[in-house]
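*Asks:* Chains B and G, in that order, are what the protein sequence lines are. First residue of the first sequence: 1, per our numbering; consecutive thereafter. First residue of the second sequence: 194, per our numbering; consecutive thereafter.
Read the hints as simulated data drawn from the structure, not as lab findings. As the structure is a prediction and not an experimental result, all values here were calculated from the model. Take these hints with a grain of salt, some might be off.
[What the hints assert, rightly or not] Derived coverage of chain G by chain B (criterion: at least 3 residues anywhere in the stretch with Cβ under 8 Å from a Cβ of chain B; other residues may be distant):
1) 203-210
2) 251-258
3) 277-290
[Claimed, not checked] Some but not every residue of chain B turned toward chain G, in silico, with C-beta under 8 Å:
4) Lys99
5) Tyr138
6) Leu168
Glycine is no exception: its CB is placed at the ideal position from the N, C-alpha and C atoms.
Now for the letters of each chain:
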Amino acid sequence: MALIQRRVRFWFKFGARWSVPSPVTKMENSEERQQRAEGNLPRSWVLSACGRSSPSSIRARPPSFQFLQRLLRSQRYFKLQFSYMASLRAFLNSPVGPKTTHFWGPVANWGFVLAGLVDMKKPPEMISGNMTGAMCIYSALFMRFAWMVQPRNYLLLVCHASNETVQLYQLSRWARANGYLGQKKEETETASE
Amino acid sequence: MATSKLQALWNHPAGPKTIHFWAPTFKWGISIANIVDFSKPPEKLSYPQQIAVTATGLIWSRYSTVITPKNWNLFSVNVAMAGTGITQLTRKIQHDYFSEGEAAPAKE
């Protein structure tokens, strides 16, 4: 289905002037070559070779869709080979790259994510409800900040999105340990009675 | 005259109508949570978290002076964060490594 869509789009864009697909081709044998040299070729052979009923329906055709697609893909392949280095260099020199503080600020904030991940193994009594709750709201606000600051900082955005996830999970662990989300526990207790 | 100054503050590019104001304002919550945790026993503090708080505070103090718009609110809050982080780390390190007088646990 996708291939059909691509072909339709291709022909709409490039092939709109051409209304029929490419003709059938056939290698001529020695007999037919001789006949052609003599100018003696029957009309019907040419037409039937082209898959047409009359000469007026034969027009020059564009190269086939397959051929063009392969050509374009090979060009893209060469472009890709050259652009790995180029994109790395572009990142290193970019206004939010590792030579600027716009990079290292978010890197420091990944520390919160790492701290949260390390603390996942610890018992929930060691989690500070104040700190974790503050972190959840903080990360939500800073996702918006990262979007609106100049220059726009996607690294910071991703950092705070992951921090939000980690801190919400830690908050749920703390809440469960302190009896705030205790519904399931009560149900299991009544069921066991 | 006072109203025009207030208006200038209200309409500032890092003012109360923008995220540039509320994000740092809320970041004070982290420093306040840390200050509240001053009364927590040092065993319950988390090294990774306090190191993250301190490093964030220090690096962001620099970051907030180079972004557009320049954000002194953010600067002050990160200085405070670094301060509370350093205090908590000091408390925990003192408790773990320097308090020989008390019955210290396995850490020496």
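*Asks:* Could you run down the list of hints and mark each one as holding or not?
*Replies:* Evaluation of the provided hints:
For the segment 203-210 of chain G, the proposed coverage by chain B is not satisfied: 0 residues have a C-beta within less than 8 Å of a C-beta in that chain, short of the threshold of three. Note: the segment 251-258 of chain G has 5 residues with beta-carbon separation from chain B under 8 Å; the three-residue rule is met and the coverage holds. With 0 residues having a beta carbon nearer than 8 Å to a beta carbon of chain B, the segment 277-290 of chain G misses the requirement of three or more and the stated coverage is violated. Interface hint status for lysine 99 (chain B): violated, as the beta-carbon distance to the closest one in chain G is roughly 12 Å, over 8 Å.
The restraint placing tyrosine 138 (chain B) at the interface with chain G holds, with a minimum CB-CB distance near 6 Å, inside the 8 Å limit. Of the supplied interface hints, the one on leucine 168 (chain B) is violated, with its beta-carbon coming no nearer than about 16 Å to a beta-carbon of chain G, more than 8 Å.
Violation of the numbered hints given earlier is confined to hints 1, 3, 4, 6; the remaining hints are satisfied by the structure.
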